[in-house]
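Q: In case you want the letters, here they are:
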Amino acid sequence: MNTLVVVDASRNLRGVSCPMNLVYTKVELSKLRSGQVLEVILDNGAPINNVPGSVLKEGHTIISQEQLADSAWTVMIRKK
Amino acid sequence: MNIRVNGETQVLAEGSVTVARLLDIQQVESPDMVSVQRNGDFVERDNFGSTLLAENDEIEFLYFMGGGACGCLGVRC
Amino acid sequence: MELSDSYLERYSRHILLHDVGVEGQEKLSAAKVLILGAGGLGAPVALYLAAAGVGTIGILDHDLVELSNLQRQVVHFTRDIGAPKVDSARQKMLAINPELIVKTYQDYLCAANIREVIDGYDFVVDGVDNFPTKFLINDACVMAGIPFSHGGILRFDGQTMTVVPGRSACYRCVFRTPPPSDAVPTCSQAGVLGAIAGMLGTIQATEVLKYITGVGDLLTDTLLSFNAKAMTFRRVAIKRQPACPVCGERPTITKLVDAEQSVCDLKR
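Residue numbers (the working numbering), protein chains in the order written: chain A, 1 to 80; chain B, 1 to 77; chain C, 1 to 268.
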């Protein structure tokens with residue numbers, strides 16, 4: 001599935017472990033307006049297993065998450 | 001049916017409600033993290049789906065709560 | 001024993017209490033209390049027990065102080081970052097009260113060492129954050145007959161319960177087995193309001209002082225929970241369960257085992 005999404009901000013969180021990856025994700029979201037899209041790159045394992053769920057709980061939308069060649073994940077989040 | 005959940009009166013529209021259904025109605029996020037007491041007795045987790053509530057039941061949801069220090073087991077948290 | 005003027009002055013506010021008095025203070029001086037975890041809950045417990053003059057205080061934690069601890073673990077200061085938590089806590093306890101004996105254990109708690117660690121203590125404070133260790137503490141204390149205080153905090157909530165083995169319901173009477181690990185919101189992901197640790201830890205410290213001095217009614221057979229957003233406190237009566245696998249009539253748990261993925265296994 002290749003839907004075109006306009007990304008308003010992006011943050012590479014490779015190498016950033018829990019919970020600071022969530023903290024940085026929240027910082028980036030706080031800079032956006034409602035409806036804007038944030039892309040974060042999260043490591044495989046605990047980060048991808050935890051951060052999207054926490055983001056969802058805060059009411060934002062996960063538009064997509066896809067694994068990259070280096071096993072990290074790109075996650076698109078639409079701010080609530 | 002009127003019951004009390006954690007001290008607050010709840011009116012249930014449905015006639016026969018199991019403990020499992022009540023967890024659902026109350027939107028308990030992780031039922032695995034809850035211990036349920038019914039009229040002072042614990043309901044075994046395996047019986048959540050078969051235990052029917054009755055009028056005026058006193059239900060307590062007791063939540064698992066960790067917190068404190070991580071440095072005692074060595075599991076990164 | 002002749003009590004010095006400084007002893008009487010230091011503990012005057014306890015001695016003035018009708019229920020405590022000189023006798024109660026002397027019980028505190030003779031008491032041995034073990035704090036498991038030098039984190040959010042262990043921090044206020046350590047400070048208040050030291051201030052109260054609990055004569056021997058043990059404290060166990062494997063970790064080093066990190067920057068992210070300082071928002072709630074008030075026994076550790078910025079200058080302590082990188083130092084073992086137990087050393088940092090010991091230093092503060094002795095600064096408050098130099099006459100104490102403080103024993104430190106910079107170690108993990110395992111099935112293999114818990115008996116030895118808790119042996120000889122009058123009371124144990126559970127200030128650990130993970131469920132397998134909470135169950136291990138419960139089982140070991142029930143088997144050894146040592147009373148303990150369970151404590152837990154998450155986000156804006158706290159819960160505590162005091163267990164006197166043989167007399168009151170234990171943690172397993174309420175929560176039979178640890179929750180599946182994938183259902184547990186990790187403390188670091190969920191977050192916690194810092195002062196909640198102080199609210200709950202000081203309740204635990206109060207229970208210790210009550211137990212040692214014999215004052216009042218303990219939080220036994222009772223799970224106390226609070227929610228700080230509404231600032232509501234709720235007590236739920238808990239019955240000792242005859243079918244409890246550790247303190248019931250026919251215990252099925254008779255020896256201590258480590259949880260899966262415990263570092264205790266990795267070390268061997």
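Heads up, a few of these hints could be off.
[Claimed, not checked] Here are the simulated DSS-like cross-link-like pairs (lysine-lysine), alpha carbons at most 30 Å apart as the crow flies: (1) A:Lys-26 - C:Lys-92; (2) A:Lys-80 - A:Lys-26; (3) A:Lys-31 - C:Lys-229; (4) A:Lys-57 - A:Lys-80; (5) C:Lys-27 - C:Lys-229; (6) C:Lys-92 - C:Lys-103; (7) C:Lys-92 - C:Lys-32; (8) A:Lys-31 - A:Lys-80; (9) C:Lys-32 - C:Lys-210; (10) C:Lys-103 - C:Lys-27; (11) A:Lys-80 - C:Lys-103; (12) A:Lys-57 - C:Lys-32.
[To be verified] Label-pair ranges, simulated between beta-carbon atoms: (13) C:Pro-242 - B:Glu-8: 43 to 49 Å; (14) A:Ala-69 - C:Gln-106: 37 to 43 Å; (15) A:Ser-10 - C:Glu-66: 27 to 33 Å; (16) C:Thr-177 - A:Lys-80: 45 to 51 Å; (17) C:Gly-248 - A:Lys-80: 21 to 27 Å; (18) C:Ala-243 - A:Lys-80: 52 to 58 Å; (19) C:Val-22 - B:Gly-40: 40 to 46 Å.
[Stated by the list, open to error] Chain C stretches covered by chain B per the calculated footprint, using a threshold of three residues with CB under 8 Å from any CB of chain B: (20) 114-120; (21) 157-164; (22) 229-240.
Derived from the structure by calculation, the hints contain no laboratory data.
Glycine residues also receive a C-beta, built at the ideal position from the N, C-alpha and C atoms.
Q: For which of the previously enumerated hints does the structure constitute a violation, in increasing order of number?
A: 1, 5, 11, 12, 13, 16, 17, 18, 20
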